[in-house]
Amino acid sequence: MIALVDCNNFYASCERVFNPKIDKKPVIVLSNNDGCVIARSNEAKTLGIKMGHPAFKLKNLIEEYNINVFSTNFALYGDLSKRVMNVMSTEVEKMEIYSIDEAFLDFTDYASKERGAAIREKVKKWTGIPVSVGIAQTKVLAKVAAHIAKKHTKAGVFMFDDENLIRRALNMFTVEDLWGVGTKIAQKLKAVGIHTALQFRECDSNWVNRNLSVNGVRLQKELFGEVCYPLELTRKRKQNICTARSFGSEIKKLSKLKEAIGSYANTCATKLRKEKSCCTTVSVFLSTNPFKPQAKQYNPYKVIQLNVPTNDSMEIVKFAIKGLESIYRNDCIYKKAGVIVGRTVPQGQTQLSLFDSLDRGKRKNINIAVDKVNSLMGKNKIHLAVEGNGRKWKLKQERLSPCYTTRFAEILEVRI
Amino acid sequence: MKLKHLKHTDILDFFAVDETTLLSIPMFSDSVQAGFPSPAEDHLDLDLNLNDYLVQNPSATFCVKAIGESMKDAGIKSGDIMIVDKSLEPKNRSIVLAVIDGEFTVKRVNVNNDELYLMPENSNFPPIKITEEMDFQVWGIVTYIIHKAV
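Going down the list, the protein sequences come from chains A and B.
Numbering-wise (the working numbering), the first sequence opens with residue 1 and increments by one.
Numbering-wise (the working numbering), the second sequence opens with residue 1 and increments by one.
Don't read these hints as lab results, they were simulated from the structure.
No experiment lies behind these values; they were computed from the predicted model shown.
In this text, a Cβ means the ideal position worked out from N, Cα and C, and glycines have one as well.
Warning: the hint list may mix true and false statements.
Derived DEER-like restraints, expressed as beta-carbon distance ranges [said to hold, decoys possible]:
no.: 1; chain 1: A; residue 1: G225; chain 2: B; residue 2: G79; range: 24 to 32 Å
no.: 2; chain 1: B; residue 1: P126; chain 2: A; residue 2: I382; range: 42 to 50 Å
no.: 3; chain 1: B; residue 1: D114; chain 2: A; residue 2: K45; range: 18 to 26 Å
no.: 4; chain 1: B; residue 1: V150; chain 2: A; residue 2: K94; range: 26 to 34 Å
no.: 5; chain 1: A; residue 1: I368; chain 2: B; residue 2: S94; range: 46 to 54 Å
no.: 6; chain 1: B; residue 1: N112; chain 2: A; residue 2: K45; range: 37 to 45 Å
no.: 7; chain 1: B; residue 1: V138; chain 2: A; residue 2: S99; range: 47 to 55 Å
no.: 8; chain 1: A; residue 1: A155; chain 2: B; residue 2: V138; range: 45 to 53 Å
no.: 9; chain 1: B; residue 1: F125; chain 2: A; residue 2: I382; range: 51 to 59 Å
no.: 10; chain 1: B; residue 1: D114; chain 2: A; residue 2: G48; range: 43 to 51 Å
no.: 11; chain 1: B; residue 1: M134; chain 2: A; residue 2: K296; range: 26 to 34 Å
no.: 12; chain 1: A; residue 1: Q187; chain 2: B; residue 2: V138; range: 32 to 40 Å
no.: 13; chain 1: B; residue 1: G79; chain 2: A; residue 2: E275; range: 52 to 60 Å
List of simulated lysine to aspartate or glutamate pairs, EDC-like, C-alpha gap at most 20 Å [what the hints assert, rightly or not]:
no.: 14; chain 1: B; residue 1: K65; chain 2: A; residue 2: E315
no.: 15; chain 1: A; residue 1: K238; chain 2: A; residue 2: E114
no.: 16; chain 1: A; residue 1: K125; chain 2: B; residue 2: E115
no.: 17; chain 1: A; residue 1: K151; chain 2: A; residue 2: D106
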């Protein structure tokens with residue numbers, strides 16, 4: 001059996017741990033640059049605030065209902081996530097950390113609601129974060145169980161321990177809420193009259209195979225309790241690494257975009273080296289502000305194919321800037337830009353090119369030295385000149401909560 | 001103690017209090033150099049690690065700064081850093097970080113004839129009697145107080 005432990009409204013809950021005054025009050029957390037809503041407390045959900053809602057459209061609602069608004073504080077959420085995962089790891093032999101706020105726990109040795117409840121209790125007491133626990137034979141069913149635990153139980157724990165219960169639950173579960181079913185697949189299914197998870201489980205598997213590929217077949221089997229997605233205990237190599245940001249204030253000039261793109265490309269290269277990977281493509285994209293439809297809209301995307309896979313900062317930045325220059329237009333105002341390094345291969349397994357003129361050994365030593373200095377002295381202490389010093393494109397975080405757990409200067413202060 | 005940069009992803013930077021910073025292990029090997037070995041060698045131990053001393057349960061431990069004088073006789077002065085462990089159960093006489101009606105406070109627990117009091121340690125402050133109507137909750141237990149000398 002597998003247990004899915006899912007933190008309830010994780011970001012909002014993190015803010016509440018250090019701010020008990022906002023308990024039971026509406027809380028929302030905004031994305032980078034305070035753009036849109038990316039987390040909501042239950043109270044905020046009740047007010048009808050949707051995920052991805054642009055913040056500027058919520059101004060009246062925020063004032064009317066006294067909604068507590070926070071910028072994302074990932075240092076804080078990351079620290080609390082690590083604590084939550086550590087607490088759970090003391091309770092099971094094996095676990096898979098699935099995302100910042102979810103983990104699958106191995107309950108094969110012993111599965112019971114009581115065990116789920118004990119873990120829930122412990123996480124809440126030790127870290128202050130409320131979680132829901134769903135227990136079932138497979139990951140897909142555990143996801144359904146966790147959803148039921150969160151929405152329909154007081155205890156916050158739900159277990160699928162008999163077939164009748166599973167049938168009844170799947171009958172009430174809409175198919176698009178299943179793990180791995182996106183809007184496209186859901187539309188396809190609805191077109192042939194499949195609306196509930198139970199209908200999907202019971203439809204012809206040949207049809208699923210023909211129309212939804214192997215993942216659809218796996219999903220169907222998992223709904224029957226057959227494990228197709230076992231716990232993944234080792235981390236997979238990332239296929240793509242993306243660094244993209246919305247700008248605090250919009251950018252028109254090429255020189256400013258170069259700084260931003262240069263910096264994102266360097267971040268990508270650093271991440272590649274950390275993963276011990278090299279990339280074979282470098283892509284650059286720009287986008288204008290979609291919330292200003294009267295302004296000219298332009299969202300170009302350029303992929304550059306590399307002859308030799310690389311994780312060298314200077315090389316990746318050079319290609320990214322080239323890409324930027326090829327798509328830049330001076331009659332647009334840009335809101336966002338990003339760099340994606342793709343088709344990664346393990347470092348050391350790269351195919352060399354006959355016409356490669358770069359002294360790769362020397363570059364490698366430079367990168368090692370830069371990474372070392374930056375890890376000791378702080379991120380970006382050494383960076384490429386093209387990244388500039390303006391920092392105009394840095395994050396806008398007007399409602400950032402303090403880093404209560406990771407910076408001594410910002411720890412929780414209590415009036416006693 | 002220092003901050004450790006754990007991980008950088010597209011949108012995330014992970015930090016944690018670096019639990020290894022203070023742990024430097026002196027390595028001695030008498031086969032490397034000829035000559036008289038140090039008589040202190042057999043008595044070398046690991047360096048002192050303040051994290052080990054102050055933090056029993058890292059996952060449940062938080063640092064909190066105290067502002068105010070209400071606990072000065074318990075050794076908590078304004079500006080001191082308290083080590084707070086959420087995993088411990090409060091006992092009679094524990095110093096707790098508590099939440100009363102949404103506000104944080106630090107006081108000593110005193111259970112007297114089935115009545116629960118939060119006691120200040122400064123005669124200028126009154127005890128707080130915890131009643132049914134109050135929204136009361138123990139956030140964590142204060143285990144150590146870091147106070148700057150001078």
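Verification of the supplied hints:
1. Between A/G225 and B/G79 the beta carbon distance is about 58 Å. The supplied range of 24 to 32 Å is therefore violated.
2. At roughly 57 Å, the beta carbons of B/P126 and A/I382 sit outside the given window of 42 to 50 Å.
3. Our hint of 18 to 26 Å for B/D114 and A/K45 is violated, since their Cβ atoms are close to 40 Å apart.
4. In this structure, B/V150 and A/K94 break the distance hint of 26 to 34 Å, their C-beta atoms being roughly 51 Å apart.
5. Range check, A/I368 to B/S94: about 50 Å between beta-carbon atoms, so the 46 to 54 Å window is met.
6. A hinted range of 37 to 45 Å for the beta carbons of B/N112 and A/K45 is consistent with their spacing of about 43 Å.
7. A beta carbon spacing of about 31 Å between B/V138 and A/S99 contradicts the range 47 to 55 Å that was offered as a hint.
8. Against the hinted window of 45 to 53 Å, the Cβ-Cβ separation of A/A155 and B/V138 comes to about 22 Å, which falls outside the hint.
9. Evaluation of the 51 to 59 Å hint for B/F125 and A/I382 yields a pass: the beta carbon distance comes to about 52 Å.
10. Evaluation of the 43 to 51 Å hint for B/D114 and A/G48 yields a pass: the beta carbon distance comes to about 46 Å.
11. About 59 Å separates the C-beta atoms of B/M134 and A/K296, a value inconsistent with the hinted range of 26 to 34 Å.
12. Distance hint check for A/Q187 and B/V138: the Cβ-Cβ separation is about 51 Å, which falls outside the suggested range of 32 to 40 Å.
13. Against the hinted window of 52 to 60 Å, the Cβ-Cβ separation of B/G79 and A/E275 comes to about 43 Å, which falls outside the hint.
14. With a C-alpha separation of about 47 Å, the suggested pairing of B/K65 with A/E315 is violated against the 20 Å cut-off.
15. Between A/K238 and A/E114, the direct Cα distance comes to roughly 37 Å. Violation of the 20 Å bound is thereby established for this hinted pair.
16. Of the pairs offered as hints, the one joining A/K125 and B/E115 is violated, with about 24 Å between alpha carbons and a cut-off of 20 Å exceeded.
17. Taking the CA atoms of A/K151 and A/D106, the gap is about 23 Å. The hint is violated against a cut of 20 Å.
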